[in-house]
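On the provided structure of chain A, position chain B as indicated by the hints.
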Amino acid sequence: MTISRGLKAVLAAVTGVVVVVIYLPLALVMLNSFNASRSFAWPPHQLTTRWWQAAARSSGARHGLLVSVEVALLATVVALLLGTLAALALQRTHFFGRNAVSLVIILPIALPGIVTGIALNNAFRTMFGWELGFLTIVVAHATFCIVTVFNNVQARLQRLGGNLEQASMDLGAGVLTTFRLVTFPMLRSALLAGALLSFGLSFDEIVVTTFTAGATEQTLPIWIFQNLFRPNQAPVVNVVAAVLVLLSAVPIYLAQRLSGGAGERVAGAR
Amino acid sequence: MLWLGVAYLGALAALFLTAFWGQNSFTGEVERVWNVDNFRTLVTVDVYRTITLRTLGIAALVTVLDAVIAFPVALYMAKVASPRAQRLLVIAVLMPLWASYLVKAYAWRSMLGHGGLVSWLARPFGLDTPGYGLAGLIIVLAYLWLPYMILPVYAGLERLPDSLLEASADLGARNVSTLARVVLPMAMPAVVAGSIFTFSLSMGDYIAVKIVGGANQMLGNVVYDNVGAANNLPLAAAVATVPVVVMLGYLAAARRTGALEQL
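Chain order of the listed sequences is A and B.
Each residue of the first sequence is one higher than the last, beginning at 1 in this note's numbering.
Each residue of the second sequence is one higher than the last, beginning at 1 in this note's numbering.
Looking at chain A on its own, in the form it has when it is part of the complex (with noise of 0.2 Å):
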């Protein structure tokens, strides 16, 4: 290597210092929620477990972990099915125009969350009359959710080539089968993946939920946000807060544990 050793220093010194600034804040809510002051003053005065049970009886909370967990399944459910269509239909059929439809898979994830947003609470509204609610969310979440997993599967068909299948085909599978017993098995890692960010992206999200949530229905983030600037709720949302961060260790672990490429996938399209 050529860096040298004093370059090396420095470099290990600005990481090491921006690990220790990127966990600050997340370590900080962990503590702040046996805080027992209200205001979580610094540095804490006594500690307490008051505020996880009460966050444990708070029905909001629940409520609105409930509805999350439904809609980020059902929304991983829909990207998983059209995200692969999707996929199969543009890595084995050429057309004009494929390279713009590529464009128009990455608009999702360019544009900012907020236009997103309002483009499909004005057409959920005034296009389909549709009554804003628990359907809408799941369509609106799915819509985002296909991207992630289009593009895990693209890239391992990618990686695949049409070799296998067609191999396949020449020794009499048709094309049902085919898929059952050679790109299915192929394409499980990386479904797994996308399944996997679909639902931890739908579960966080929030700009597009506010648009699209309606009045009725209210998932966690937004229970979250209603309830941040309630002096009162303070400290239940700090123990909400503080079990999403332990929450958050899950889909790391879960990546780990799958095969090399698809954990890096996972890791990396977030």
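Among these hints, one or two may not hold up.
Stated by the list, open to error - Below, a sample of chain B positions facing chain A; criterion: calculated Cβ distance under 10 Å:
| no. | residue |
| --- | --- |
| 1 | Gly10 |
| 2 | Met77 |
| 3 | Trp98 |
| 4 | Ala105 |
| 5 | Tyr106 |
| 6 | Arg109 |
| 7 | Gly116 |
| 8 | Pro161 |
| 9 | Leu165 |
As the list claims (entries may be wrong) - Covered by chain A, according to a simulated footprint, are these stretches of chain B (three or more residues, beta-carbon under 8 Å):
| no. | segment |
| --- | --- |
| 10 | 63–74 |
| 11 | 82–92 |
| 12 | 192–204 |
| 13 | 220–226 |
| 14 | 234–246 |
Honestly, the hints are just simulated from the structure, not real lab data.
Cβ coordinates follow ideal geometry from the N, Cα and C atoms, glycine included.
Positioned in the frame of chain A, the structure of chain B alone reads:
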């Protein structure tokens, strides 16, 4: 495919059509009369101009800040750290991405508040917390989007062959000139790729502003308020075209540097 093509693009198109409609000032109903009043409002009314410029300024500052912080970290990860440390660092950078956006913004709210951690840390140096305002907002946005910058730059630097660094050193270049004349130009497309995320995400943000931005507004807040309280969808749509146009321009420019292949 149909879904994305028809539903999403259709919704976007409808939104931009709405931007050209007006609102009846008496009933508040949307009137389907073609005009460019909304855009005229946007350009001529001082408040909107200020907010637009402020939003662009914040997004640009956050992006530059992230690039400056991310570069040394990515360089360390890609070229100095051992393979094991590399893996751990990638996980360390990734993990916060899975933690909720709200939770992180919220954590900063309690840190930046008076009597919070930041003022406690700064007091020995005779400083105080920046409080809730533009400075706090920029810090929080830079914090939120930092991993989106570190990861592409890291991936870009990892692809950079070590032999180039050696060649540069053999030819007599010192650290600084190797960095400036070899590493930086090669890493530029990756930095641009990362900046797409940081810029776009900062520009569309309206939640962090509410949490730590004090009384300041960004474009996102204008859109939000016009959809919600004022119920003036046409104006909101017109405001929302600003980030879209900026982003499309940005993407077109980024394409020329080859950054899109780095995504």
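Here is what the structure says about each hint:
Annotation: B/Gly10 was flagged as interfacial toward chain A, and the flag holds, the nearest CB pair being 7 Å apart, inside 10 Å. The interface hint given for B/Met77 is met, as the beta carbon of that residue sits about 7 Å from the closest beta carbon of chain A, less than 10 Å. The restraint placing B/Trp98 at the interface with chain A holds, with a minimum CB-CB distance near 4 Å, inside the 10 Å limit. With 10 Å as the threshold, the beta carbon of B/Ala105 comes within range of chain A, its nearest partner Cβ sitting at about 9 Å, so the hint holds.
Interface hint status for B/Tyr106: upheld, as the beta-carbon distance to the closest one in chain A is roughly 6 Å, under 10 Å. Using the Cβ-Cβ criterion of 10 Å, the hint placing B/Arg109 at the interface with chain A is satisfied: the shortest such distance is roughly 8 Å. Here the hint on B/Gly116 is kept, as its CB sits about 6 Å from the closest CB of chain A, short of 10 Å. For B/Pro161, the suggested interface contact is broken, since its CB lies about 12 Å from the closest CB of chain A, more than 10 Å.
Proximity of B/Leu165 to chain A holds as hinted, the smallest CB-CB distance being about 5 Å (cut-off 10 Å). By the rule of at least three residues with a Cβ nearer than 8 Å to a Cβ of chain A, the coverage given for the segment 63–74 of chain B holds, with 3 such residues. A count of 4 residues in the segment 82–92 of chain B with a Cβ less than 8 Å from any Cβ of chain A is obtained; the coverage claim is therefore met, three being the minimum. Only residues whose C-beta sits within less than 8 Å of a C-beta in chain A count toward coverage, and the segment 192–204 of chain B has 5 of them, enough to reach three; the restraint holds.
Chain A is given as covering the segment 220–226 of chain B, and this holds because 3 residues of the stretch bring a CB closer than 8 Å to a CB of that chain, at least three being needed. Only residues whose beta carbon comes within less than 8 Å of a beta carbon in chain A count, and the segment 234–246 of chain B has 5; three or more means the coverage holds.
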